[in-house]
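> Taken in order, these protein sequences are the chains called A and B. The first sequence begins at 173 in our numbering and counts up one residue at a time. The second sequence begins at 254 in our numbering and counts up one residue at a time.
Since the hints were made in silico from the structure, they are not lab data. Honestly, I wouldn't trust all of these hints.
To be verified - Only pairs whose alpha carbons sit at most 30 Å apart, straight line, appear in this in silico DSSO-like list of lysine-lysine:
1. A:Lys240 / B:Lys568
2. B:Lys291 / B:Lys455
3. B:Lys447 / A:Lys334
4. B:Lys291 / A:Lys325
5. B:Lys384 / A:Lys240
6. A:Lys334 / A:Lys271
7. B:Lys455 / B:Lys540
8. A:Lys271 / A:Lys488
9. A:Lys543 / B:Lys259
10. A:Lys293 / B:Lys482
11. A:Lys488 / B:Lys568
12. B:Lys340 / B:Lys422
13. A:Lys411 / A:Lys364
14. A:Lys488 / B:Lys291
Chain by chain, the residues run as shown.
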Amino acid sequence: MKAKERISLLVKQYYESANNAKARGEKVGWVTSNFPQEIIEAMDLYVIYPENHSATIAVNGEDVCCCKEAEAVGFSNDLCSYAKINLGYCLNSNLVAEKIPMPDYLLCCSNICHQLMKWYKYLERTLNIPLILIDIPYNTDYFTDNTRLQYIKIQFNEAIQKLEGITGHKFNENRLKEVMQISNYSGRLWNKISDLLIEQTTALRGTDLFNYMGIIVCQRGKITTVEALQQLYDEMSNKNEKYKKKKKEEWDYRILYEGICCWPALIKLSVSLARYGINMVGAIYTNAYGIEYQTFDEMLLAYTYVPNAVNLERAKDMRVSEIKKKKCDGMLVHMSRSCKIWSGIMYEMIRQIEREESIPVVTFDGDQADKQCFSEAQFDTRLQGFYELMKEN
Amino acid sequence: MNQGKKVIGCFPLYTPEPLIYAAGMIPFGMWGAEMEVKVAKNYFPAYVCGIIQTDFELAMRGVFNGISGVMITTLCDSLKCATQNWKYAVPDIEIIPMVHPQNRESGGAFSFLYEQYKTVAERLETISGKKITKESLREAINIYNEHNEVMRCFLEMAGKYPKEISPLKRNYVIKSGYFMDKKEHTELVRQVIKDLKGIVPKRFSGVRVVTTGIIADSEDLLKVFEENKITIVADDVAHESRQFRVDILHENDGIAALVRQYLNMYACSTVIGGKINREEYISNLVKQTNADGVIMVMTKFCDPEEYDYPLIKEKLDKNGIPMLTIEVDKQIENYEQAATAVQTFQEMIRL
Numbered sequence: 173m174k175a176k177e178r179i180s181l182l183v184k185q186y187y188e189s190a191n192n193a194k195a196r197g198e199k200v201g202w203v204t205s206n207f208p209q210e211i212i213e214a215m216d217l218y219v220i221y222p223e224n225h226s227a228t229i230a231v232n233g234e235d236v237c238c239c240k241e242a243e244a245v246g247f248s249n250d251l252c253s254y255a256k257i258n259l260g261y262c263l264n265s266n267l268v269a270e271k272i273p274m275p276d277y278l279l280c281c282s283n284i285c286h287q288l289m290k291w292y293k294y295l296e297r298t299l300n301i302p303l304i305l306i307d308i309p310y311n312t313d314y315f316t317d318n319t320r321l322q323y324i325k326i327q328f329n330e331a332i333q334k335l336e337g338i339t340g341h342k343f344n345e346n347r348l349k350e351v352m353q354i355s356n357y358s359g360r361l362w363n364k365i366s367d368l369l370i371e372q373t374t375a376l377r378g379t380d381l382f383n384y385m386g387i388i389v390c391q392r393g394k395i396t397t398v399e400a401l402q403q404l405y406d407e408m409s410n411k412n413e414k415y416k417k418k419k420k421e422e423w424d425y426r427i428l429y430e431g432i433c434c435w436p437a438l439i440k441l442s443v444s445l446a447r448y449g450i451n452m453v454g455a456i457y458t459n460a461y462g463i464e465y466q467t468f469d470e471m472l473l474a475y476t477y478v479p480n481a482v483n484l485e486r487a488k489d490m491r492v493s494e495i496k497k498k499k500c501d502g503m504l505v506h507m508s509r510s511c512k513i514w515s516g517i518m519y520e521m522i523r524q525i526e527r528e529e530s531i532p533v534v535t536f537d538g539d540q541a542d543k544q545c546f547s548e549a550q551f552d553t554r555l556q557g558f559y560e561l562m563k564e565n
Numbered sequence: 254m255n256q257g258k259k260v261i262g263c264f265p266l267y268t269p270e271p272l273i274y275a276a277g278m279i280p281f282g283m284w285g286a287e288m289e290v291k292v293a294k295n296y297f298p299a300y301v302c303g304i305i306q307t308d309f310e311l312a313m314r315g316v317f318n319g320i321s322g323v324m325i326t327t328l329c330d331s332l333k334c335a336t337q338n339w340k341y342a343v344p345d346i347e348i349i350p351m352v353h354p355q356n357r358e359s360g361g362a363f364s365f366l367y368e369q370y371k372t373v374a375e376r377l378e379t380i381s382g383k384k385i386t387k388e389s390l391r392e393a394i395n396i397y398n399e400h401n402e403v404m405r406c407f408l409e410m411a412g413k414y415p416k417e418i419s420p421l422k423r424n425y426v427i428k429s430g431y432f433m434d435k436k437e438h439t440e441l442v443r444q445v446i447k448d449l450k451g452i453v454p455k456r457f458s459g460v461r462v463v464t465t466g467i468i469a470d471s472e473d474l475l476k477v478f479e480e481n482k483i484t485i486v487a488d489d490v491a492h493e494s495r496q497f498r499v500d501i502l503h504e505n506d507g508i509a510a511l512v513r514q515y516l517n518m519y520a521c522s523t524v525i526g527g528k529i530n531r532e533e534y535i536s537n538l539v540k541q542t543n544a545d546g547v548i549m550v551m552t553k554f555c556d557p558e559e560y561d562y563p564l565i566k567e568k569l570d571k572n573g574i575p576m577l578t579i580e581v582d583k584q585i586e587n588y589e590q591a592a593t594a595v596q597t598f599q600e601m602i603r604l
């Protein structure tokens, strides 16, 4: 089996295992994508990542009906489309093909945004189930200080205690150490795969990384993930070697993709970029899950440095370092309509990156999961303009 | 500033104002203005709320020149972005970011916020050149608690004098508090209360409502209320009652008292959790004041409020309380549509 198929299978099995667990009467949780998953894995819990599920729904073209379902009970169409799709799903699961079990408890980490807390609070209230919150406050400073680390550490332990009470599963420190090792390995492999794009001659198409994200978001603490990613890495590097020997034509342009993936237009994005000979060699969104650390404190720190939790200077440096590392010719920015925390600092960040790197930057309007916000015509025009700018640069 | 005092601008929603006061400076409320946004568009996409956009517009146009600093909280995603953009959009006015914990039930929340307030206090001391002493903080806390009490008393009185205190006048009394010394404001409001007590309220046959939302200070909208014989008997508006709702309990350590005040807050869209849910709180407020209905003044693009809306609506529907939602944007120039909605709402209640 090829790595790609293996990863798809693991994602499928992961959904099945949660459904089966629920059917057996086990408790299933819903969790936000940057919650310290080490706790979950170390306690052997069954969880579902609704953001990932919403993205799948968007890719399957079932986003609009779910959003409308949520809007019908009063949710504004301005709200996060991941949230709206999930809330629509809660109201009517028959709208979508890929079913997930309803939760018995909720795990929310605030390091992504404020909206997530409001979304999960609503679920807590309406489903009448416990919510465990780990608050990782937005950091207006460049570095995470000890005060913040202590606050997170206390909550980490509180979350474990609460989870033991809810699920009956016991927390085991040795198992946590093992999971940390596995997760770290997964993160490192994910980054190594992404770094294969550093090479000028590469067989890897960066947009494919979006398709593999499911496994690194939802299962990075599992040994099966390490095996699958190792296989993917081996396959890709072998392919690269052969590619280099044949001296195949290189990509014309290498770009950094900025912003959340525009899931409803992923195929369009991938096809359009290839048509112009453009390879997406870096993306902050995919990088967000290549979490590496050594110690327990470093693990917690890593969760404070995820994209939406950091200040503008650190956020900008993350982009600049990726642009330099991957030798990008331009930056294509997805202004995601319903992700305010991401889009709200983008104008200033673009100016700073343009100044520092002297590369063309072009934006297009879209949304992570609501196709109504994406205009094909605007995207085509902007991409053409972007291509022309890179040609001239 | 004319009195030689330094001024610190305070963004929504909860800044530790007594610290500013204790450092010998004057807090100044920055809740936006009704105006067209032009230059601020260089920093924010159109879907960020008008309060933040117009605060930036005013600052970038130089309206706030002369103030010594601005405190911006991170109580929603757009405010987080504001803390970052400010540094580049308005480099001449120092920013003091204010980060609050949201897991207020956690054993770690107190220490985290205590350290944040301590850092903020140090920054304020540097700006003012004056130390915040135990005494000055205690005095500031007293002034704020007194102001809270007087404002709560006024708001209760306003509900009983609908003819004398129109929705617009009610708002003037509240809003003026953001632009003057709290001590002076307390005295003025006390005088208003005294004057009201001296007269017998005129008979009122209109509609009595509870308002809720982030801000409801549009003169045109409040005039529409008055024209339709609508009076505000109580509110759950962030710019209004939410500011006066929770007192600062007295304790030896003033900063600890301020921390506990935040940890005790409840029924606010931007602060997670609390002893009572917001829809429950609003519903109770309607019962306590015998109001005829609720008007939700929804600030456009305010996601915390937008998330609360379905539960508020469901609760009020269930309890048979009429509710009207009016979307406001600092850039809306005419309220014709809102006027029609308000008229229909009051007619429906009177039926």
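> Hint by hint, which ones does the structure fall short of?
2, 3, 4, 5, 8, 9, 10, 11 and 12
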